[in-house]
Amino acid sequence: MTYTAAEMMTVAAARALRDGDICFVGIGLPSAACNLARLTHAPRIHLIYESGTLGTRPDVLPLSIGDGELCETALTTVAVPEVFRYWLQGGRITVGFLGGAQVDRFGNLNSTVIGDYTKPKVRLPGSGGATEIATGCGEIFIVMRHGARSFVKQLDFLTTLGHGRTGRERRELGIRTKGPVLLVSDLCIMRPDPETSEMVVTSLHPGITCRRVCENTGWDARFAQTVAETEPPAAAELEVLRDLHARTARAHGTAVASE
Amino acid sequence: MTYTAAEMMTVAAARALRDGDICFVGIGLPSAACNLARLTHAPRIHLIYESGTLGTRPDVLPLSIGDGELCETALTTVAVPEVFRYWLQGGRITVGFLGGAQVDRFGNLNSTVIGDYTKPKVRLPGSGGATEIATGCGEIFIVMRHGARSFVKQLDFLTTLGHGRTGRERRELGIRTKGPVLLVSDLCIMRPDPETSEMVVTSLHPGITCRRVCENTGWDARFAQTVAETEPPAAAELEVLRDLHARTARAHGTAVASE
Amino acid sequence: MEFLNLHDAVARHVKDGDQVALEGFTHLIPFAAGHEIIRQGRRNLTLIRMTPDLIYDQMIGMGTARKLMFSWGGNPGVGSLHRLRDAVERGWPGPLEIVEHSHAAMAHAYEAGAAGMPCAFFRGYRGSDLPRVNGDIRFVACPFTGESLACVPAFRPDVAIVHAQKADREGNVLIEGIVGVQKEAALAARRAVVTVEEVVDGFGPRSSNAVILPAWALSAVVVAPHGARPSYAHGYYARDNAFYIAWDEIARERQTFLAWMRDHVLR
Amino acid sequence: MEFLNLHDAVARHVKDGDQVALEGFTHLIPFAAGHEIIRQGRRNLTLIRMTPDLIYDQMIGMGTARKLMFSWGGNPGVGSLHRLRDAVERGWPGPLEIVEHSHAAMAHAYEAGAAGMPCAFFRGYRGSDLPRVNGDIRFVACPFTGESLACVPAFRPDVAIVHAQKADREGNVLIEGIVGVQKEAALAARRAVVTVEEVVDGFGPRSSNAVILPAWALSAVVVAPHGARPSYAHGYYARDNAFYIAWDEIARERQTFLAWMRDHVLR
Numbered sequence: 001m002t003y004t005a006a007e008m009m010t011v012a013a014a015r016a017l018r019d020g021d022i023c024f025v026g027i028g029l030p031s032a033a034c035n036l037a038r039l040t041h042a043p044r045i046h047l048i049y050e051s052g053t054l055g056t057r058p059d060v061l062p063l064s065i066g067d068g069e070l071c072e073t074a075l076t077t078v079a080v081p082e083v084f085r086y087w088l089q090g091g092r093i094t095v096g097f098l099g100g101a102q103v104d105r106f107g108n109l110n111s112t113v114i115g116d117y118t119k120p121k122v123r124l125p126g127s128g129g130a131t132e133i134a135t136g137c138g139e140i141f142i143v144m145r146h147g148a149r150s151f152v153k154q155l156d157f158l159t160t161l162g163h164g165r166t167g168r169e170r171r172e173l174g175i176r177t178k179g180p181v182l183l184v185s186d187l188c189i190m191r192p193d194p195e196t197s198e199m200v201v202t203s204l205h206p207g208i209t210c211r212r213v214c215e216n217t218g219w220d221a222r223f224a225q226t227v228a229e230t231e232p233p234a235a236a237e238l239e240v241l242r243d244l245h246a247r248t249a250r251a252h253g254t255a256v257a258s259e
Numbered sequence: 001m002t003y004t005a006a007e008m009m010t011v012a013a014a015r016a017l018r019d020g021d022i023c024f025v026g027i028g029l030p031s032a033a034c035n036l037a038r039l040t041h042a043p044r045i046h047l048i049y050e051s052g053t054l055g056t057r058p059d060v061l062p063l064s065i066g067d068g069e070l071c072e073t074a075l076t077t078v079a080v081p082e083v084f085r086y087w088l089q090g091g092r093i094t095v096g097f098l099g100g101a102q103v104d105r106f107g108n109l110n111s112t113v114i115g116d117y118t119k120p121k122v123r124l125p126g127s128g129g130a131t132e133i134a135t136g137c138g139e140i141f142i143v144m145r146h147g148a149r150s151f152v153k154q155l156d157f158l159t160t161l162g163h164g165r166t167g168r169e170r171r172e173l174g175i176r177t178k179g180p181v182l183l184v185s186d187l188c189i190m191r192p193d194p195e196t197s198e199m200v201v202t203s204l205h206p207g208i209t210c211r212r213v214c215e216n217t218g219w220d221a222r223f224a225q226t227v228a229e230t231e232p233p234a235a236a237e238l239e240v241l242r243d244l245h246a247r248t249a250r251a252h253g254t255a256v257a258s259e
Numbered sequence: 001m002e003f004l005n006l007h008d009a010v011a012r013h014v015k016d017g018d019q020v021a022l023e024g025f026t027h028l029i030p031f032a033a034g035h036e037i038i039r040q041g042r043r044n045l046t047l048i049r050m051t052p053d054l055i056y057d058q059m060i061g062m063g064t065a066r067k068l069m070f071s072w073g074g075n076p077g078v079g080s081l082h083r084l085r086d087a088v089e090r091g092w093p094g095p096l097e098i099v100e101h102s103h104a105a106m107a108h109a110y111e112a113g114a115a116g117m118p119c120a121f122f123r124g125y126r127g128s129d130l131p132r133v134n135g136d137i138r139f140v141a142c143p144f145t146g147e148s149l150a151c152v153p154a155f156r157p158d159v160a161i162v163h164a165q166k167a168d169r170e171g172n173v174l175i176e177g178i179v180g181v182q183k184e185a186a187l188a189a190r191r192a193v194v195t196v197e198e199v200v201d202g203f204g205p206r207s208s209n210a211v212i213l214p215a216w217a218l219s220a221v222v223v224a225p226h227g228a229r230p231s232y233a234h235g236y237y238a239r240d241n242a243f244y245i246a247w248d249e250i251a252r253e254r255q256t257f258l259a260w261m262r263d264h265v266l267r
Numbered sequence: 001m002e003f004l005n006l007h008d009a010v011a012r013h014v015k016d017g018d019q020v021a022l023e024g025f026t027h028l029i030p031f032a033a034g035h036e037i038i039r040q041g042r043r044n045l046t047l048i049r050m051t052p053d054l055i056y057d058q059m060i061g062m063g064t065a066r067k068l069m070f071s072w073g074g075n076p077g078v079g080s081l082h083r084l085r086d087a088v089e090r091g092w093p094g095p096l097e098i099v100e101h102s103h104a105a106m107a108h109a110y111e112a113g114a115a116g117m118p119c120a121f122f123r124g125y126r127g128s129d130l131p132r133v134n135g136d137i138r139f140v141a142c143p144f145t146g147e148s149l150a151c152v153p154a155f156r157p158d159v160a161i162v163h164a165q166k167a168d169r170e171g172n173v174l175i176e177g178i179v180g181v182q183k184e185a186a187l188a189a190r191r192a193v194v195t196v197e198e199v200v201d202g203f204g205p206r207s208s209n210a211v212i213l214p215a216w217a218l219s220a221v222v223v224a225p226h227g228a229r230p231s232y233a234h235g236y237y238a239r240d241n242a243f244y245i246a247w248d249e250i251a252r253e254r255q256t257f258l259a260w261m262r263d264h265v266l267r
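Protein chains in written order, with our numbering: chain Z, 1 to 259; chain S, 1 to 259; chain V, 1 to 267; chain H, 1 to 267.
Treat the hints with care, as some may be off.
[Claimed, not checked] Listed next, the in silico DSBU-like pairs over lysine-lysine satisfying Cα-Cα at most 35 Å (straight line): (1) Z/LYS121 <-> H/LYS15; (2) V/LYS67 <-> S/LYS121; (3) H/LYS15 <-> S/LYS153.
No lab work stands behind these hints, which were simulated from the structure alone.
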């Protein structure tokens, strides 16, 4: 059964979620991955969107972080200050999803600017919730498409802490959450090296070579001693995911929300 | 028409409230005074109880600060941390009522202990909301029965700031609210001297002499240049107040709540 | 979250020496749970509660507590808490250490605990003697204005117990009416136990912003009908004001107090 | 509180050079009020908003703002805010100073403003470069644990404008659904203006804990049906997702943007 790179990414991210996880969900692919997990192996996963919807069970994917669908299907909806204070800062979230325009070898992210901050070549949206999601959630899953311009040796701006510029900053700052434990791209899966916290390739998606990953990584990509091949999306997973996207497209009159 | 000392106090306190005032109400006499004002000259007065009930219009007086009646007749009910943060500390309350076991010439209050704090002769209830009500409300009305043991030269403990031990502390602490602008007792009405902030007698209740006030005041009571006689409770005021107390007694099976 | 009976919930979650918060601001005071703690003979508890009310008067009088953190210790609209006074004034049945705050400080300390903060900042205690007798009250300068702000440690009780109207079959809890600091206390605690009037299939149509504690944020849910009596449960039963008044006589003397507890709680 | 029409509310409460917060977290974004500010030609505003969204893209593109305080400046689920980018990257139609925060910091700054605090304390910005480019971010040590906590100034905008479902005849305002930071923004501001879908005789049966802003805490209430379009009003109309997508093309070029504003807002 054929599938797209986005589908492979979504399925790989969904599989990493455990039943019972409390997820802080962003829009786009993370939203698709969390809801796929909820509709397959993790029915008791709890989704929190930063708009304040607790335990939401959307039937279609939101285009925005505050779609009415999220509120209508939520256990309850709280004010945004409460989301960040009682639920995120309170340490109740087990998994947070992040991405950005740039990521470095330690899983630090830039979603602020390309170029100089005061004279940016490209002004990006900025932190949003990311800066505190990165330190407040038990674990972070990063989902980004591979590319030499996005997987960079040196971030133009460090918006969001991964494992820090040396891989040791979390410990040095006294941060007890784990930070990026997983990076899913369209080419592979990376996890932090237990010693150095550098993100290393632990699994290649079907048909992807080490060479392809290296060509699309701005730093000298490292590989685990044994690199697995990612299990391709199962027919059941694809069926559920495609139904979700189809429902979403019908609801929004577009497929934009699907990625 | 005859009336009791408690009725005189309640009526005098009620008259001092302006239509449109936002009142932070305690139980007992302040609650009676605020609701009397609401039912007579100040229909647009807004009552907030520290249990979180905003704009409540109780038909009977509460026995406790959190009676169901307060919630059922409120515009809405918020959590207690919000009452103290957004509504009291936020500076939205125009008048707060306070009392205590002891008051001094500057309107400072003790509701903590009689005797030494570590070995109290009498352990009193404590601050409750008073400490921040005293500095957070635009003005403070103090309602207390006169007596040499309650109107004292020296507080055993300063729970709640009036005008401070010297009369100048509010300015020195940078507090912009007015503090005690009115003290209503069963004998008289006192207001702060514009110069010294000492509470001075501005009005004697009908039949009360200066001598009687002096005998029941633990410091050398001072009197304004012109001391008025308090207007006795009008028949209309007494009727509304007594109906309120009668309804309350029927509802609670007691008159305790009325003072 | 697991559904437990009252005995097992207290046995599992309340240990000797624990810091315990039984909250409920006049409304929804968890009396049934407090009585179970007394029956199981817990000792050396640090009791936290804004308004100790009758439930802590009873727990203190029965010797469960070594320390009390509170902000207003009276019988609302009636007078003194005689057992609390007897402990503080005469050390009966044992010495009681007190840590005394204002309501604003207590509310902020719970809120900070729920928010995972080490401490709470607010504009408070100005001109009061309380900071002289409570070492937990500090002052910090605002880095922008220089204003001196009060700071108190966040409450992080070992266990919080609150009472609510209903839970659904998943163990989510709905609280309505005067919600006090219950949500904050439950979220601030390491273990949160909620007693409820009833379990329902679902909460049904409700405000999108209803006050609900998700099951996954709780340790145990216990069905305890009338579990707030003589306090009240909005929509279920009214406050027993007559009992609050009667308590003044019952608790005034040690013997009448002990007799009442024996007949009504221990039996 | 007074009931005003939209023109008079903006004329009276929004002045050139004001610090203005139009809040609404995806839901209930006060577009009608923002358009009226554009029509009345306000200048040199400092715009505060967590997610500038299309409304600030329009206000910035029309030259109402000299400064923006924000935490996420994108078109949700679509891409860039081209007018915001054009102002920051190329200074069109004029230079735009930015003060950039995280969502958590913005939410805390509004909450602190509503609470009358000079600043907000939270656990934030750890390891981020943002404190290097935003002088409003400081760090303060917890006096009990020594932990370094982030501190930002409270927001106290001159005026906040939010949109809500309904007001009653007294001018009390009910907000339901995703309430975002609207209540905090309204209470933090010196002047609070609320646009509503409709005025009703009374709110009728409702949750005891409904999110309601009392009339006496507001400056003006304005009846503005569909005042949140193309955002949405829970219970009234849905979000116009197609327009959010279409905006990407409309706003990409200065001329198409100006033409659209002329035809749809200025006329």
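Consistency of the hints with the structure:
1. Z/LYS121 <-> H/LYS15: The given pair, whose Cα atoms are some 33 Å apart, holds under the 35 Å limit.
2. V/LYS67 <-> S/LYS121: With a Cα-Cα distance of about 20 Å, the restraint between V/LYS67 and S/LYS121 holds, given a limit of 35 Å.
3. H/LYS15 <-> S/LYS153: The given pair, whose Cα atoms are some 53 Å apart, is violated under the 35 Å limit.
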